[in-house]
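Visitor: Next come the chains, spelled out residue by residue.
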Amino acid sequence: MRSWKQRLVPYWLLGPGLLWLLFFFVVPMYFMGELALYSGSLTTGGFEFTWAWNNFPDALSGHTEQIVRSIFYAGTATLLCLLIGYPLAYAIAFRSGRYKALLLFAVIAPFFTTYLIRTIAWKTILSDDSPVVSVLQTLSLTPGDGRVLATSGAVIAGLTYNFLPFMILPLYANLERLDLRLVEAAKDLYSSPRTAFLKVTLPLTMPGIVAGVLLTFIPAFGDYINAQLLGGTGQAMIGNVIQSLYLSQRDYPEAAALSFLMMALILAIVLAYIRFAGTEAFMGDEDEEAT
Amino acid sequence: MVSSEGNKRRATAWIAVMVAAMALALGLAACGGGGGGASDSGETTVAEGGEAKGELTISNWPGYIDPGKDGTVAQYEKDSGVKVQYIEDVNDNNSFFGKLQPQLDQGESGGRSVFVLTDWMAQQMNELGYLQELDRGDLSTVFETMTPNLENPSFDPGRKYSIPWQSGMTGIWVDTSKAPEIKSVNDLFDPKYKGKVTFLEEMRDSAALVMKGEGVDPVGASDADWEKAIEKIKSAADSGQIRRFTGNDYTEDLTAGNIVAAVGWSGDASIIENPNAEWRMPTEGCILWSDNMVIPVGAPNTAAALDWMNFVYQPEVAAGLTEYITYVSPVSGVQELVKPELAKDPLVFPSEDFQKNCSTQESPPDVDAVSEAWANALTG
Amino acid sequence: MSAPARAWAWLRRNALPIYAGLAVAYMLIPIAVIAIFSFGETPKGKLTFALDHGFTTEYWRTMFSIPELNDALTTSLRLAFFATLISTAIGTAMAIALVRHRFHGKRLANLLIVIPMATPEVVIGASLLSMFIYYSFALGFTTLLIAHVMFSISFVVVVVRSRLIGFDRNLEEAAADLGASPLTTFRTVTLPLLAPGIVSAALLAFALSIDDFVISNFNSGTTVTFPLYVYGVSLRGIPIQVNAIATLLFLIAVVAVGLVLFQQRRAEKMAAVQPEPEGGPIPLPSTAAAQ
Chain W
11 MRSWKQRLVP YWLLGPGLLW LLFFFVVPMY FMGELALYSG SLTTGGFEFT
61 WAWNNFPDAL SGHTEQIVRS IFYAGTATLL CLLIGYPLAY AIAFRSGRYK
111 ALLLFAVIAP FFTTYLIRTI AWKTILSDDS PVVSVLQTLS LTPGDGRVLA
161 TSGAVIAGLT YNFLPFMILP LYANLERLDL RLVEAAKDLY SSPRTAFLKV
211 TLPLTMPGIV AGVLLTFIPA FGDYINAQLL GGTGQAMIGN VIQSLYLSQR
261 DYPEAAALSF LMMALILAIV LAYIRFAGTE AFMGDEDEEA T
Chain Y
30 MVSSEGNKRR ATAWIAVMVA AMALALGLAA CGGGGGGASD SGETTVAEGG
80 EAKGELTISN WPGYIDPGKD GTVAQYEKDS GVKVQYIEDV NDNNSFFGKL
130 QPQLDQGESG GRSVFVLTDW MAQQMNELGY LQELDRGDLS TVFETMTPNL
180 ENPSFDPGRK YSIPWQSGMT GIWVDTSKAP EIKSVNDLFD PKYKGKVTFL
230 EEMRDSAALV MKGEGVDPVG ASDADWEKAI EKIKSAADSG QIRRFTGNDY
280 TEDLTAGNIV AAVGWSGDAS IIENPNAEWR MPTEGCILWS DNMVIPVGAP
330 NTAAALDWMN FVYQPEVAAG LTEYITYVSP VSGVQELVKP ELAKDPLVFP
380 SEDFQKNCST QESPPDVDAV SEAWANALTG
Chain H
3 MSAPARAWAW LRRNALPIYA GLAVAYMLIP IAVIAIFSFG ETPKGKLTFA
53 LDHGFTTEYW RTMFSIPELN DALTTSLRLA FFATLISTAI GTAMAIALVR
103 HRFHGKRLAN LLIVIPMATP EVVIGASLLS MFIYYSFALG FTTLLIAHVM
153 FSISFVVVVV RSRLIGFDRN LEEAAADLGA SPLTTFRTVT LPLLAPGIVS
203 AALLAFALSI DDFVISNFNS GTTVTFPLYV YGVSLRGIPI QVNAIATLLF
253 LIAVVAVGLV LFQQRRAEKM AAVQPEPEGG PIPLPSTAAA Q
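Protein chains in written order, with the working numbering: chain W, 11 to 301; chain Y, 30 to 409; chain H, 3 to 293.
Derived by calculation from the structure, the hints in this document are not laboratory data. Hints are not guaranteed to be accurate.
BS3-like cross-link-like pairs, simulated, lysine-lysine; straight-line CA separation at most 25 Å [what the hints assert, rightly or not]: (1) 110(W) <-> 271(H); (2) 385(Y) <-> 212(Y); (3) 112(Y) <-> 98(Y); (4) 261(Y) <-> 221(Y); (5) 108(H) <-> 15(W); (6) 221(Y) <-> 82(Y).
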């Protein structure tokens, strides 16, 4: 039997972190919810708490186009990230030998140059007169107007690039645990490499895939930088709307309502997944049992 | 699977936690203050004059001053002994306002003693009680040399709280090698330029210019006039005619060759690295605006702020500034002091005739409603 | 086998590594662009992404000549330093508690840690802003620090945790068998072996803080961090020194990671903890001794 002092140790260890997250993540969510129930404006005498429940449906109905567009962009970018990232993660986990750490670093290296700068770099690489775009034009890969910037394609490309690490790292963490002997066993039983992949590797790495998808889709959904720098008039995402409402229009109640709804949607998705797979799975480790 | 006993225990635990969290949050809310709003409009404080010393923090738009060892700031520091912290963080009137509003509401200015804001934002801040009044007695040089047409603007008659920093004109920048025939804002809606034109994010520039293109004077225009112009812009945005809405960054698109024309500001020649780009006065006229120096409530060093204003209104100092930033100076006597090519430039020294069709920058009667319509047009 | 058939077979065998190489090149393209253009002469010293005017090292030599840029950079470094310190300490403690101890509420703790990682930055930034507005709390360095620590904690926990999971408890048991107290064991055995994981987590936290734009944009008031500075000047012409600094930051990161890897190699030579050797995830003691 452990002493009562010993039993308190985990609580001491967890305490500061949990409190920090509680006060600066959970509580602000509450305030955002409360702010969503205000009405008024800064220029007409301030905001007042008026149980303005109408802010929620108003915010939704006024911006359905951007919400749908955000789902489409984030979804496409996530899919691309998965297609590009899975083989890369696999290669790093099993075929990289001495270069493993180096490759992993190369994956997160972009983080070390400010998000803005690397997106601006893409803006230049994809500008109308650049050689890259000329090549794409001759290959007929550009959308109708012949330019790449200020189109959905550019925004999706930006999202894919910026969130690729978020997909690769969970995939890699999961792939690393894969027991290759199982794959060997499948091959010993005369399955083709393709079947071995589909029937052994893929199902075993599914938790990593799901974790990666969640960690990519959700932040991409709320992003606004890519749309702002690489997109044009028809590419505004829900993140742009929220940013504009908070910082330009200063319509805090509507902004808060929209953010709160977004948060609720995300929470629903995450909780559904956790119910399905357990919280440990989300952290990339499906073997441990939660107490 | 876990036993149902465990499930029940778990469920109660969850509920207990939720309740605790809610209680905590409500408790915090109870002992907190209220949200933002207009401060108590009691008396407006008058900015105190006096001997200029100590430190002065100024917030201005980027690219609005000549930098370096021989720049205006350095000159002032040498001249007055005041140490200046010059911050270029006003990228947009609205976002600057949004950033500072909570502090201004408490009577704090975030350490700044001078802001530079466009006319309408200065007016808005004043109405909310965030600015200090300026005593003419402390600003002798300013009122001696200010050009007469700026002395009594409609939003601040007698210049009680704002002093012009620079003025400018909103018109159309054109890449003459690609679209030399663009002369009016209506040309920007021509389908052959689809996706190759940009408009400014500032509705008081873009929508107002479009109104002029329709023959409506922004001065005294009704909400309906504004909304009609906004509608026109919105359809152009939705159809892809307008590539983007920009802040100062239309200059990038012009330089990169991504666009053939942009609604833009007259003084930006120094930023645009496209030798074929030219600012044109639209046939229907331009929009005239000024950016103004204001002293916010809670400014730490009002004496130095007032001294700074006097300093930059000295013609020699103003001339040095104009030579670098090429906007319209509010100080008379500058034209004789600058380089001859600049003195002849109608964008820097516009004649009455040049500006005859121009309108001043106005706000719509119901700012909130029109702003919302505009924001919807922007986020497509 | 004929030559083309051999070539094709070689291609098929090495398809994955080749793909990995291409993918990594893709990740590094913007960084290369940024670096290249930091050497391009431009008449006005502003970024134009055109190489017409020739090569120069001027911007590298005058890298710290712009006061606002220096201030912003200093602010960002200070912020990142403190945020890293605090979040790494808190996060490591949490990770230890989560892996090594049993207690009630583990699931809830996991949930609380995981959700911020999946929340879009715009929602985190906006909700924090809502709370600060509500309390009329002045926005500035403190609010930024609070926000940065908050979003870093989760990442630190995940990184340290995964390192802890792969930890060979035998070493600690051996120390205990030799009479060391729990605290001594922790100090002389656990912590040094955990060090690379902690350092990686710290690096990640540092990178996240330096890179953060969205949350900072909402909560900085008038304080200017490096990304915020870049955003400001991006509207009017980015001084090329920014490119030089971005490249420099990247190089520093490369060096830092290199050092960590080197340390890790050394640490692993002394212990049974090691990354999975190729071919299987189960570390066999004999292979460990042979390393």
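Visitor: If a hint holds in the structure, say so; if it does not, say that too.
Guide: Verification of the supplied hints:
no. : hint              : result
1   : 110(W) <-> 271(H) : 17 Å, holds
2   : 385(Y) <-> 212(Y) : 16 Å, holds
3   : 112(Y) <-> 98(Y)  : 14 Å, holds
4   : 261(Y) <-> 221(Y) : 17 Å, holds
5   : 108(H) <-> 15(W)  : 18 Å, holds
6   : 221(Y) <-> 82(Y)  : 58 Å, violated
Taken one by one, the earlier hints fail for this structure only at number 6.
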